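*Asks:* Listed here are the chains, written in short residue letters.
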Amino acid sequence: MSFSTFVTDKAGLQKLYEAIISKYETYAPVEKFGKYDYKKVSSLKECDPDSPIAMTMSVKPLFFPRSSKIMKYEANSAGTSIRETDQDPLAGQRVILGVKHCDARGLQVLEAVNKWDYIDSDFLKRRANTVILSNRCDKADTHCFCTSLDYDVENLDAPDVAIVNGTNGKIYVQARTEKGETFLKENSSEPMANRITNDELQMTNCEEDLTKQYEAFLSSFRLKMDYKDVNERMAKRFDSPAFEEASRNCVSCNTCAFICPTCHCFKISDEKIKDTGVRYKSYDSCNNVYFTLEAGGHNPRPAKYRRWRQRSMHKFVYYKERFGVNLCVGCGHCAISCPVNISIFEVVNHVASAPIES
Amino acid sequence: MESLLVPSLAKVDRIIQETPDVRTYRLKFKDDSLMDKFTWQPGQFVEFSLMGSGECTFCISSSATRRGFFDCSIKRAGVVTADIHSDIEEGDDVGIRGPYGNWFPLDDIKGKNLLFVGGGIGLAPLRSLIQYAIDNRGDYKDFTVLYGARTSADLCYKEEIEEWKKNTSLKVVLTIDKPEDSWKENVGVVPKILEEVVKPEIANTKVITCGPPIMIKYTLQSLDRLGFDPKDVITTLEMKMQCGLGKCGRCNIGSTYICKDGPVFTYEQLKALPDEF
Chain F
1 MSFSTFVTDK AGLQKLYEAI ISKYETYAPV EKFGKYDYKK VSSLKECDPD SPIAMTMSVK
61 PLFFPRSSKI MKYEANSAGT SIRETDQDPL AGQRVILGVK HCDARGLQVL EAVNKWDYID
121 SDFLKRRANT VILSNRCDKA DTHCFCTSLD YDVENLDAPD VAIVNGTNGK IYVQARTEKG
181 ETFLKENSSE PMANRITNDE LQMTNCEEDL TKQYEAFLSS FRLKMDYKDV NERMAKRFDS
241 PAFEEASRNC VSCNTCAFIC PTCHCFKISD EKIKDTGVRY KSYDSCNNVY FTLEAGGHNP
301 RPAKYRRWRQ RSMHKFVYYK ERFGVNLCVG CGHCAISCPV NISIFEVVNH VASAPIES
Chain Y
1 MESLLVPSLA KVDRIIQETP DVRTYRLKFK DDSLMDKFTW QPGQFVEFSL MGSGECTFCI
61 SSSATRRGFF DCSIKRAGVV TADIHSDIEE GDDVGIRGPY GNWFPLDDIK GKNLLFVGGG
121 IGLAPLRSLI QYAIDNRGDY KDFTVLYGAR TSADLCYKEE IEEWKKNTSL KVVLTIDKPE
181 DSWKENVGVV PKILEEVVKP EIANTKVITC GPPIMIKYTL QSLDRLGFDP KDVITTLEMK
241 MQCGLGKCGR CNIGSTYICK DGPVFTYEQL KALPDEF
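These protein sequences, in sequence, are chains F and Y. Under the working numbering, the first residue of the first sequence carries the number 1, and numbering increases by one thereafter. Under the working numbering, the first residue of the second sequence carries the number 1, and numbering increases by one thereafter.
It is worth saying that the hints were derived from the structure and are not from the lab. Please note that the accuracy of each hint is not assured.
The list that follows gives simulated cross-link-like pairs (lysine to any residue, SDA-like), each with its CA atoms no further than 25 Å apart [what the hints assert, rightly or not]: (1) F/Lys72 / Y/Phe29; (2) F/Lys267 / Y/Asp87; (3) F/Lys69 / Y/Gly98; (4) F/Lys267 / Y/Asp83; (5) Y/Lys30 / F/Gly277; (6) F/Lys272 / Y/Ser53; (7) Y/Lys30 / F/Glu294; (8) Y/Lys231 / Y/Asp275; (9) F/Lys274 / Y/Asp83; (10) Y/Lys75 / F/Glu294; (11) Y/Lys271 / F/Ile356; (12) F/Lys267 / Y/Thr151; (13) Y/Lys184 / Y/Lys231.
Quick caveat, the model's predicted, so the values are computed rather than measured.
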């Protein structure tokens, strides 16, 4: 199915954003100390949908909260009673502006595990009730490698609407899903009315414009990887000492997992004061030394290299085997935020190029 | 997702002190209609929670052929199990989610000789299948239970084992690691007794084994030596788990989720997993 493309300029796009913010519950990148996080906004002045790549956090927490309440309970000598929490997995529609393509892809990747067998209906409902407007970057950051992975960054259908800059101040607003198409039709204001159909793409030379822009974007990448080759090579290097070398500096702080658009490990924990308690589901990480610690003291992954082996193999081998996609979108945020400059790109490349142990 | 993680309340009907550090908790859902509907297959597990302490994974150690209750046999090992032992009394409420995981391959073992090899608390998941097989005794040929523990005090289910011994259609072989004054049965580690005393028939026999890692390691070697096909050796794995739903990312070995694809595996399947543990 083909979707509409609108051509506009900066003023037109701003008008669209303003219309959205005034009408919907809207989230967008908000700057704090030079970095950006997705926050609820009530005017365009508060946020920057065209923010630079450096985000403090991915869009993940808006779909998979950092910590959520599973239940509340009362437990005393008279017995136990459980109350499900009143947490609403999002009833109304909301819009997120300024999502990076890698970040939107992260949600697509997470859908696989959340749809598998037991269904995480909260995650799926949050996604279904959200319209995502993404900005395709013009230029790669130091740690970006999205274009090297198993998805088409240019034609990605993870956002509902993609916004791509053209030449001479032109901005293309493209519906990428049916939801995005409907949303644009309902919300395109007057400066946005310049709609281009697919037949007209060539006529207006917009395709050429987009191709030119994409080529410029591609050439800005410092990091490149052949992910198929990496998938195959990683699978053969389970016993490689290269994991030890690559993970030596890790301080097991878990920042990489919390910030990652695709990491989804969580823990279940209880907090009880006197008779009243709450059970939480919160982020956890396989880099955490306690992650696999068993009762009685046995820990199958006591060493850092074993935890890094799990982390990198899960991203580039296990998830691919199980669900057909890499559990990494090449956003590079883990590398930007790592206190000791470990990059998943460098780890997997180091392991993939190590000799195979006989 | 969160709603899938909310447990149902069950009442502790009876607590049986099996060994100095193992207790069996007989549980009944507080909601009678839930108890009537609740069923499981031998080998499946539940998430058991003590409010305020947390959740733990335990196999159901009784068979659904015995209705109206289910058992969890719990060894005091870590933080939550210590709280369970010290805080839970008969009549108390606990939270239960499940049943989860796969189960022993009931179709594959039909019409075969069954040889159970258990060590210590490892008899708990086997007991579910032993009870199931006793209740469907006609479906199986020879039926042998080899069970060992460090000392005679560490043998679980002592009363039930006495009943098994009286049942002429089963053969029960017990062993402890070191001699004790009043002990009249075998002395020696499980793999040794397996090879020297049980001397099992290989053809048409399915071996179901569970026990501490060191026992499993040497038992699998013994079974190899005796000539068993790895396809005919079935075991159940224990891993740190939390959600039981294939989501929390804790129990995987390679791309295999122990909570969903397991916990029951044949030795042949185990050999194909990455050697992580």
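*Asks:* Hint by hint, note whether the structure agrees.
*Replies:* Tested hints:
1. The suggested pairing of F/Lys72 with Y/Phe29 holds, with an alpha-carbon distance near 19 Å, which does not exceed 25 Å.
2. Straight-line distance between C-alpha atoms of F/Lys267 and Y/Asp87 comes to about 23 Å, which keeps the hinted pair within the 25 Å bound.
3. This hinted pair checks out: F/Lys69 and Y/Gly98 have alpha carbons roughly 20 Å apart, not beyond 25 Å.
4. Between F/Lys267 and Y/Asp83, the direct Cα distance comes to roughly 19 Å. Compliance with the 25 Å bound is thereby established for this hinted pair.
5. Taking the CA atoms of Y/Lys30 and F/Gly277, the gap is about 20 Å. The hint holds against a cut of 25 Å.
6. About 8 Å separates the Cα atoms of F/Lys272 and Y/Ser53, which keeps this hinted pair within 25 Å; it holds.
7. Between the alpha carbons of Y/Lys30 and F/Glu294 the distance comes to roughly 30 Å, so the proposed pair goes past 25 Å and is violated.
8. With a C-alpha separation of about 18 Å, the suggested pair Y/Lys231 and Y/Asp275 falls inside the 25 Å cut-off, and the hint holds.
9. For a cut-off of 25 Å, the pair hint linking F/Lys274 to Y/Asp83 stands: about 16 Å separates their Cα positions.
10. At roughly 13 Å between alpha-carbon atoms, Y/Lys75 and F/Glu294 fall within 25 Å of each other, so this suggested pair holds.
11. A C-alpha spacing of about 20 Å is found between Y/Lys271 and F/Ile356, which places the hinted pair at or below 25 Å, so the restraint holds.
12. Note on F/Lys267 and Y/Thr151: the hinted pairing is violated, with a Cα-Cα distance of about 37 Å set against a maximum of 25 Å.
13. Using a Cα cut-off of 25 Å, the hinted pair Y/Lys184 and Y/Lys231 is violated, with the two alpha carbons roughly 35 Å apart.
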